Amino acid sequence: MKDLKHLIFFEDLLLEANNKLVQQAQSDGRKCIAYVCENTPEPLLNLEGTFSVRLRAPRTGSIDVATYYLTSFLCEFSRALLERAIEGGYNFADCVITPDGCSMMNRCVENMELLSAVSKDKKDFFYEYMEIPMKADDNGLNLYVLQCKNHILKPLAEKFGIDTSDAAIRKAVAKYNRIAELIRAIGDYRKGPNPTITGYEFAVLTLATYVAPKDLILDRLEETLEELKTREPDAKNPFRARVVVVGSEVDDTEFIKLVEESGAFVCADRYCYGSLPGRDPIVLTDDEDALTQICRTYMNRGQCPRYMNTEKMDARRTYVDSLAKEYGADGIIYEQMKFCDPWAYEKMLGSHILREEFGYPVLAVDRPYNIAGSGQMRTRVQAFVESIEIKKIQGGAQNG
Amino acid sequence: MAKEIGKDKFGSFYVAGSRVRNRREWRGVKDTLYDYSRWLVIMGTLGKFLMKPRNVKAMFRYRWMANYLAVPMMVDRHTQGLRQEYLRMCHIEQDLIIDDVAKLLGNLFRGDRRTGNDTEFSKKVVLVDENEMTAVMMGFPMLKCLSRETPSTYVSVLLNQHAAEHYIDVAQEFGLAGDVCPMPEAEAGVSIDDDAPVLGACAVQCNTTCDGSLLGNGVISRRLEKEDGIPVFQLAAPLRHREDDVQEYAAQEIRNAIAFIEQHTGAKWDWTEYFECAKRVNYATKCRQEWLDMNRTDYPQVFGSNLALYTETNYMAICGRIAAFEKADRKLTRLAEQAFKAKKRAAKEYRHRAIIWGVQSHYYMDFLVWLLNCWGIVPLTDMLSMVSTRKIAEEDTPENREQAYYDMAWLTENMIMRNRTHGGYKVLLDELWEFTEQFNADMVILWEHMSCKALDGMHGLFEDRARELGIHLVWVSHDLFDPRIISRQGVRDQINNYMRTVMREEPIDPSLEILPDEESW
Amino acid sequence: MKRNHTKKIPKGLSICLKVLGILFSLFTFTFVIYIFNLDMKLTSKIEPLLLKHYDRIERDRHL
Chain A
1 MKDLKHLIFF EDLLLEANNK LVQQAQSDGR KCIAYVCENT PEPLLNLEGT FSVRLRAPRT
61 GSIDVATYYL TSFLCEFSRA LLERAIEGGY NFADCVITPD GCSMMNRCVE NMELLSAVSK
121 DKKDFFYEYM EIPMKADDNG LNLYVLQCKN HILKPLAEKF GIDTSDAAIR KAVAKYNRIA
181 ELIRAIGDYR KGPNPTITGY EFAVLTLATY VAPKDLILDR LEETLEELKT REPDAKNPFR
241 ARVVVVGSEV DDTEFIKLVE ESGAFVCADR YCYGSLPGRD PIVLTDDEDA LTQICRTYMN
301 RGQCPRYMNT EKMDARRTYV DSLAKEYGAD GIIYEQMKFC DPWAYEKMLG SHILREEFGY
361 PVLAVDRPYN IAGSGQMRTR VQAFVESIEI KKIQGGAQNG
Chain B
1001 MAKEIGKDKF GSFYVAGSRV RNRREWRGVK DTLYDYSRWL VIMGTLGKFL MKPRNVKAMF
1061 RYRWMANYLA VPMMVDRHTQ GLRQEYLRMC HIEQDLIIDD VAKLLGNLFR GDRRTGNDTE
1121 FSKKVVLVDE NEMTAVMMGF PMLKCLSRET PSTYVSVLLN QHAAEHYIDV AQEFGLAGDV
1181 CPMPEAEAGV SIDDDAPVLG ACAVQCNTTC DGSLLGNGVI SRRLEKEDGI PVFQLAAPLR
1241 HREDDVQEYA AQEIRNAIAF IEQHTGAKWD WTEYFECAKR VNYATKCRQE WLDMNRTDYP
1301 QVFGSNLALY TETNYMAICG RIAAFEKADR KLTRLAEQAF KAKKRAAKEY RHRAIIWGVQ
1361 SHYYMDFLVW LLNCWGIVPL TDMLSMVSTR KIAEEDTPEN REQAYYDMAW LTENMIMRNR
1421 THGGYKVLLD ELWEFTEQFN ADMVILWEHM SCKALDGMHG LFEDRARELG IHLVWVSHDL
1481 FDPRIISRQG VRDQINNYMR TVMREEPIDP SLEILPDEES W
Chain C
2001 MKRNHTKKIP KGLSICLKVL GILFSLFTFT FVIYIFNLDM KLTSKIEPLL LKHYDRIERD
2061 RHL
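These protein sequence lines map, in sequence, to chains A, B and C. Using the numbering used here, you'd call the opening residue of the first sequence number 1 and step up by one each time. Using the numbering used here, you'd call the opening residue of the second sequence number 1001 and step up by one each time. Using the numbering used here, you'd call the opening residue of the third sequence number 2001 and step up by one each time.
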């Protein structure tokens, strides 16, 4: 297929945490809110005068210093972030807001704080730790709202003078929705038998919306959507199977590229830093304050395994099934970051249920933070693709 | 064979390749006869348990029941070297715990569909996790609060270091990663292996201790709800338990849990009973504080596993609900005061005063006794004993009835271990050094449970702070329930190496340095 | 004719002595078991038999 005009631009943005758009926004006087977890409601971090950057550590090399602090038993994501922080890679941030979501990310940020690893020369710099619900119910919603008020809105207002009124929040939601609608629309081009956007390209675009000020990439996303309307697919579909990738954080687009180079088209991205449900629009009504509605949306749509009530646990698996149907997936790849406790359990249960009860071919893998040259992973995905092909042939033979 | 403390060479009791020791200790006529009499009582408890056919049936049905063959040996391990008041304290605690666990097993098998199948009894049973404060049951005297995980994994590993290996392997066969905490992993393995009793009107699971518990419960509840038809309530205890803005959430969870139990059992919450239990909780807290105050002096009395195991049981599993534990608290305090007045010591030599921090290696709880006997390191207190010191409301008034929800929530959030591994770095990192100072400790033995990410994540900062303060920090790595990763000798070697190379000391009892206990219970 | 000089032990005392004898024997028996750890040595022989038995039980093993 013809290259997307702005792909290189977006790929370049991903090469640095402190990318040029972050620098541009800060030079305009906006405050940069760094965060690490999908359970932090994004619109609240993107009010007038602020923008959010979800932390990642591109081109991570050694993580030895972080390993000393966190040990080799914590996931590489947490260690990579701490290493980058110690190296000074996040000194552009004006604050770090994190939920106490998983122990590893919590310790990662606490280490950043105790080591004064981020922006120690910034006078008004602060860390905030939130509690977030573990169940999607009324009690959880009340908690979520209170925590957002106390640990996001209040400090932003007090420290940076940010307008955190209901009107301001609604404006932020509208801007967020514009990006979400664009990403959703671009993502729809993954549907159909011969898609006009690859999973890798889509992952690049989506990731860029997490790590750069959203308003500064809006125009390029709109142009990309226009481009896709007329983009011609390859004459022969290079992919042999379609898969949904489900799991823990994936901020390394090389992983998606690896999967696709192994023959599996990533038609849906149900992982942290992905678009499902991370780029679902937030629908607001006028009969309730925006904050409560945002919290309810995040709570209800959240796919994090830390949601422990039975309905949420079941819903995580039916959600994957619905995505597989919507995007025409042949199989599912459950991936987890190595040493991730929440996804270790979710991967075990999810892969079992999707295989045994829903009848999908499932590949369950764990992976390091940076995957790029992994021959092992390539082999696993290739074997998985072949097994899907064989299943299709056998299924066809039975039906024929 | 010696009456005097410290005269025995305890290493001579061990036999390579054997499950058991070659003999029991001679402690002088009086203490030996006392220990013998308590052994008879334990045998009586076990005998009484086996009189019931359903319990025998359970013995042949559940793999983890085989570990209960080792009950007397567990007591022997924890009483090694003890005399006089210390021996009696240990027995008061251990024998009571054994009796309580025997009752727990008896009740489980009474209601279990596979053994006793007493359906009327089962309707009064509420299943709870092992890793869960039972505060929410304080007002339900008419119900039976039973934990399946306590006898199948928790107590089993105390009895036999290899007890959980089979279940860990089962969980991993089904795709669970090997780096997760082996405790919830083993619990999930019991469920997957179809080796858990099936009974109860409902179940209350809790996200404590940690991510692993929260997630492992999902494996267990799947079977409970979908297959066994036992409804489950997931009780969420906030992680940031020191913050005021989570307490309402926590209290509401308690209200919701109580409503759930009432709905599924037909029982009504009893405030009179609740406040009786609250009084016992406060009394237990008072006693524990007194013991810890003594431990701050040169004559600590209730320490090591005498403190650790008992606190875990009394604070968490019992939570004021059983009067026998209040009696035990009284007896223990009396003995401690008696020994304290006489300026007695539990071992020949006290060389070092240590805070034991981190999560203990469950397959080697008697390590604390070994520290004392081998190297003269006195384990003054441990992280799991540094629990809530708050006095909860104990008088039945309308205001206190409202406060009670917050108190129960507070207790639930401050479950042992969890009150330190979660809640911010202050409770794990900063407070350790405060305790080190308060207890005048010259050493910290830091249990590094390698699968505990919440603890591991502070490794470097523990090191940095210990260096700044000039405290001897001795890391002891282990994998909680799995001695195949680091054996008991591996655990000992970490201390041996430090004491020889850094402290340049010789052991008090060299026969304990290397022990052939790989196969031992 | 020689007289029989054997004194008759009172019945009550005889019963007491027998009971004491039994108790002492029980004490000795149990104390020997206790001090030489014979109870644990026995149960440690039972354990492998039980484990083999558990391996043979059919189980409904699943997630």
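Heads up, some of the hints might be wrong.
To be verified - Taking lysine-lysine pairs in the DSS-like style, the calculated list, with each CA pair at most 27 Å apart, reads:
1) A:Lys229 x A:Lys191
2) A:Lys149 x B:Lys1226
3) B:Lys1057 x C:Lys2052
4) B:Lys1226 x A:Lys325
5) B:Lys1052 x C:Lys2052
6) B:Lys1057 x C:Lys2011
If you are wondering where the hints come from, they were derived from the structure by calculation, not from laboratory data. On a predicted model such as this, the values are computed, not experimentally measured, just so you know.
Structure-based check of all given hints:
1. A:Lys229 x A:Lys191: 13 Å, holds
2. A:Lys149 x B:Lys1226: 38 Å, violated
3. B:Lys1057 x C:Lys2052: 16 Å, holds
4. B:Lys1226 x A:Lys325: Holds. B:Lys1226 to A:Lys325 sits at ~25 Å (cutoff 27 Å).
5. B:Lys1052 x C:Lys2052: Judged against 27 Å, a Cα distance of about 23 Å means the pair holds.
6. B:Lys1057 x C:Lys2011: 46 Å, violated
Of the numbered hints given earlier, the model fails hints 2 and 6; all others are met.
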